[in-house]
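Peer 1: So you can see what is in the structure, the chains are spelled out below.
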Amino acid sequence: MRKIFALIAVVLIGIFSIGLAENVVNPDTVVEDTYYNIQSLDPAWVSDVGSEEAISQFYDNLIQYDGTSVTRFLPMISTNVPSVEDGTLLDNGTTYVFHIRQGVYFHNGDLLTPQDVVYSLERAVLFDRAGGPSWMLSEPLLPKIDGRYVDSITQWAVKLAGVKSWNDLFATGTNNPLNDKYKQALIDAFNLLAKDFEIKGNDVIIHLPHPYAPFLATLAHYNTLTSILDQQWCAAHNAWDGKADDWWYYHNPTVNDDPLYNIENGTGPFKLVKWSGGLQITFERFDKYWAGPAKIKYGVINDVSEFTTRKLNLTRGQADVINVLVPYLSQVEGIDGVKVYTHLPTFAIDSIFFTWNVNDQGGNPYLGSGKLDGHGIPPDFFSNKDVRMAFEYLFPYSTYIKEVWLDQALIPNGAVPKGLLGYNPATPTAFHQDLAKAAEYFKKAYNGELWKKGFEFTAVYNTGNTQRQTALQMLQYYAAQVNPKFKINIASELWATYLNDLMMNKIPMFMIGWTGGPDPYNSAQPFYGSGGAFGAFLGASYREWAREHMDPLLSESMSTTDPQKRAELFTEMNTIAHDNALFLFTDQQEGIAVMRSWLKGWEYNPMNFLRLNFYSLSK
Amino acid sequence: MLGFAARRMLLLPVTILGLTLLIFLFMSFLSPYELLSTYVSDPRQLQGDAAQTLIKQYGLDQPFYVKYVKWIDEVIHGKFGWSVTLNEPVSKAIMQRFPATLELAIYSIIPIILGGIWLGVTSAVHHNKFIDQMLRVFALLGYSIPSFVLGLVILFIFYGVLGWLPPGRLGVNFSMIYDSSSFYHYTGLVTIDALLNGRFWMFLDALKHLVAPVMTLSFLSWAGLLRITRSSMLEALGQDYVRTARAKGLSERVVINKHARKNALIPATTVAGLMFIGILGGVVITETIFNYPGIGSLMAQASEQLDYATVLGITLIYGLVTVIGNLAVDISYALIDPRVRLR
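Residue numbers (the numbering used here), protein chains in the order written: chain A, 1 to 619; chain B, 1001 to 1343.
This is chain A alone, in the form it adopts within the complex (with noise of 0.2 Å):
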């Protein structure tokens, strides 16, 4: 027994020794520690943080940000940036001139053509995988039906067919088109979308069929579904090979069917070494990038779930960046020889929702007895003006931000995040907590019915998030304040529950956050359309509300191109949001990085928050 205490002794010791000549930190290598997952590394298929900051290494856009800026921008793939003054942003800004670079390479060695962007743009628009990005290039692509934007071409297909629904054009279980009336009308959806392009030379000039104002954002870097791709590679490698009369069958393809979900060919700085699924990507240093090759050698982004790791990893030195939860703000600040940013502009809201009518079909017990009866709320109690106002007056925004978000969050005043065109601190002016005003109001509601008999529902929020558990805790604690007849129980749920109560519109109250950017848009559209990722959470009123109230408004907010004009819309849409209290805006989150203060050329955009830009650092 001895023998073998002894041995595991010299062994234990020669394990040690090669933990000091470990600990020497390789200036050729940055490691990011995340807790987040890659999905895929098809850039027509992400949308989550993940896997956009894993494609953003290695493929290019035409148009990247500059610097800090989410209005302004600097060439990339393309040389210049259109703009009205050098006459490359025409017709009412509907034709865009870019000016190709020449001699870049991708990493298999293709050179860049004009024809690539062009393919690249294109199969962004057909590939429209259900629940993905696509609509964001479809809806400046595509001519508009019926005057509202057209979020997929299979809406084009369906009209020019004159049938019913996408199924309905093809033979049922297959994606063989049923005659030819149907080939040809999926053939003619591809052509409204091709003749948006035109090839001169070596520019790309790009026909909008109408204005669409955040359309440069939309190509920027870091919206990865603009990324720039190698048609000859794509088509090698069984993606779409560029053709009109075939492209529905690389149409919505299911995950295993996407033949570019785990590789890459693009012209970015970093090409792809390996990718080890729900741990670990690895990347190295293109040579011949056309911006010069980056000053470290290797990339790898760990997923690492557990804080402890990561933050142990990151003070040992084994990681240059982690990311951190405001939670754990703390454990990382005062970190001999790490650098933690705080109060990073985002563009992330989180809000307490209102569901204008709640599903009580089979009975509903988050709804209590489902009356007004002091032991329950009637289904479309939500709908009622008066207890929106009374409750948006009953959080207390300040110590929320202050005591739960350790001040790393600002009091939004709508859904237009600070920081973006339309947002405007004045107005309307954000809630505040006012105890009076929210009895007040709860008086008012149903003729002093609620007061008197009081009320009990049921509010959620998905499990582990704190802050949203906090947030209802005081909400609860306030009402009973006002008027002990008031309850409300808290429940938590995990995200498959969540979801399926939130999709069958079982839950009265409930919260959730919402990241947009770069264009306004893309934070009001979510809240207030009718067909908004929200709305259909919240009830057929609600829906039905927003139609008249709030879609014509955004509508005609992408449609004019005058920023002033723009920015009068936004703020108005949040001013009506705000006047018939849509929803309980709790905090913008701020951002933190949490980096080795030996890491250099560390830049920041709101726009690339949680997506590290390897290409910038070094050590």
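Quick caveat, the hints were computed from the structure, so don't treat them as lab data.
C-beta: ideal position from N, C-alpha, C; glycine also.
Careful: at least some of the hints might be erroneous.
What the hints assert, rightly or not - EDC-like cross-link-like pairs, simulated, lysine to aspartate or glutamate; straight-line CA separation at most 16 Å:
(1) B/1056 <-> A/168
(2) A/274 <-> B/1179
(3) B/1079 <-> A/257
(4) A/437 <-> A/579
(5) A/600 <-> A/28
(6) A/271 <-> B/1049
(7) A/164 <-> B/1049
(8) A/371 <-> A/360
(9) A/183 <-> A/245
Unchecked claim - Covered, in the sense of this in silico footprint (three residues per stretch, anywhere, with C-beta under 8 Å from a C-beta of chain A), are these stretches of chain B:
(10) 1077-1086
(11) 1120-1134
(12) 1154-1164
(13) 1175-1182
(14) 1264-1277
(15) 1288-1296
Stated by the list, open to error - A few chain A residues facing chain B, derived, Cβ under 7 Å:
(16) 31
(17) 131
(18) 256
(19) 279
(20) 306
(21) 307
(22) 492
Based on the hints, put chain B in the right spot on chain A.
Peer 2: Then chain B, alone, in the frame of chain A:
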């Protein structure tokens, strides 16, 4: 014995079918919207009618028996579905992760058995003395401390403070070499492959990454093994043949090592075997804390995302390991103890 083994192996497909059917049955309690959460992680993915399209596209609204038949068909054709968690075929995901867990299990079981038995024997030999009392407290601690607490403490002390035992499976530099085309993966076990590739420093680095999870698993397992060994050793020490051995004038060391301990090892063998199976099935918390890329951390990720294809794949592996492992334990039991006859 061969007949016994054959019968047990014949039961294997039935066990596996039963297991997977049970999981599919549980999945049937989930609504299509709940299953949709596998594919939708953000409200941004719910624009327009995306939810309905995804439900149809992935057949989330199909009855569970339809899904089950489809899945069985895939398994028969050598596929296990698609891992949404890792974005690759489930079979590939398991092939990548299982060797890491196997390596952890192999390296863990050695100190678990050696340490557990030694502690148990020591405790029994010093029955009711100070050492015995201390070891009983030690066992109590092993039983009471949750693995995530112990794991974090070990991580903090040996990595955070001392910088000795980093998490993961390999350091960044060695990881690059491991992933490069010049490194040949013979077995998937990093320590073995490193030696076979002639990279001794990589072998030591891999070993260094194994120490902390092995320490955690050992400490937690020693408690169980200590108690089993202690009680069976105490029982053995009270047997007539031990008294006879002592009466023959044999030294206490020979009595304990040659006579009592051998018999006391029989129940410990069973427990150690089951422990090995348990580790092979994936030690979810330990792997997660140490960021160790094994099947346990994969199971945790897959369960979180309701990635039922991956969960089923891992369940299959776990079923296989359990049945085969139990069989091995039964056989070893018969080999160690001639009184046991397998029928």
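Peer 1: With reference to the structure, classify each hint as holding or not holding.
Peer 2: How the hints compare with the structure:
1. Straight-line distance between C-alpha atoms of residue 1056 of chain B and residue 168 of chain A comes to about 14 Å, which keeps the hinted pair within the 16 Å bound.
2. Proposed proximity of residue 274 of chain A and residue 1179 of chain B is supported: the alpha carbons are some 7 Å apart, at most 16 Å.
3. Taking the CA atoms of residue 1079 of chain B and residue 257 of chain A, the gap is near 14 Å; set against the 16 Å cutoff, the hint holds.
4. Between residue 437 of chain A and residue 579 of chain A the alpha-carbon distance is near 14 Å, which keeps this suggested pair within the 16 Å criterion.
5. Distance restraint check for residue 600 of chain A and residue 28 of chain A: the Cα-Cα separation of roughly 12 Å lies within the 16 Å cut-off, and the hinted pair is therefore satisfied.
6. Restraint check for residue 271 of chain A and residue 1049 of chain B: not satisfied, since their Cα atoms lie roughly 36 Å apart, outside the 16 Å limit.
7. The hinted pair formed by residue 164 of chain A and residue 1049 of chain B meets the criterion: a straight-line CA distance of about 14 Å does not exceed 16 Å.
8. For the hint pairing residue 371 of chain A with residue 360 of chain A, the CA-to-CA distance comes to about 11 Å; that is within 16 Å, so the pair holds.
9. Taking the CA atoms of residue 183 of chain A and residue 245 of chain A, the gap is about 8 Å. The hint holds against a cut of 16 Å.
10. Given as covered by chain A, the segment 1077-1086 of chain B passes the check, having 5 residues with a CB less than 8 Å from a CB of that chain where 3 are the minimum.
11. A count of 0 residues in the segment 1120-1134 of chain B with a Cβ less than 8 Å from any Cβ of chain A is obtained; the coverage claim is therefore unmet, three being the minimum.
12. With a cut-off of 8 Å between beta carbons, the segment 1154-1164 of chain B has 6 residues touching chain A; three or more are needed, and the interface restraint holds.
13. Given a C-beta distance limit of less than 8 Å, the hint that chain A covers the segment 1175-1182 of chain B holds, as 4 residues qualify and 3 suffice.
14. Figure legend: the segment 1264-1277 of chain B, annotated as covered by chain A; annotation inconsistent (0 residues with Cβ-Cβ distances under 8 Å, at least 3 required).
15. Counting residues of the segment 1288-1296 of chain B whose beta-carbon sits less than 8 Å from any beta-carbon of chain A gives 5, enough to reach three: the coverage restraint holds.
16. For residue 31 of chain A, the interface hint holds, since its Cβ comes within 7 Å of a Cβ in chain B; the closest pair sits about 6 Å apart.
17. For residue 131 of chain A, the interface hint holds, the least distance from its beta-carbon to any beta-carbon of chain B being 4 Å, beneath 7 Å.
18. For residue 256 of chain A, the suggested interface contact is upheld, since its CB lies about 4 Å from the closest CB of chain B, less than 7 Å.
19. Using the Cβ-Cβ criterion of 7 Å, the hint placing residue 279 of chain A at the interface with chain B is satisfied: the shortest such distance is roughly 5 Å.
20. Using the Cβ-Cβ criterion of 7 Å, the hint placing residue 306 of chain A at the interface with chain B is satisfied: the shortest such distance is roughly 6 Å.
21. Interface hint at residue 307 of chain A: violated, since its Cβ lies 10 Å from the closest Cβ of chain B, which is beyond the 7 Å cut-off.
22. The beta carbon of residue 492 of chain A comes no nearer than 15 Å to any beta carbon in chain B, farther than 7 Å, and the hint placing it at the interface is violated.
Checked against the numbered hints above, the structure breaks hints 6, 11, 14, 21, 22 and satisfies the rest.
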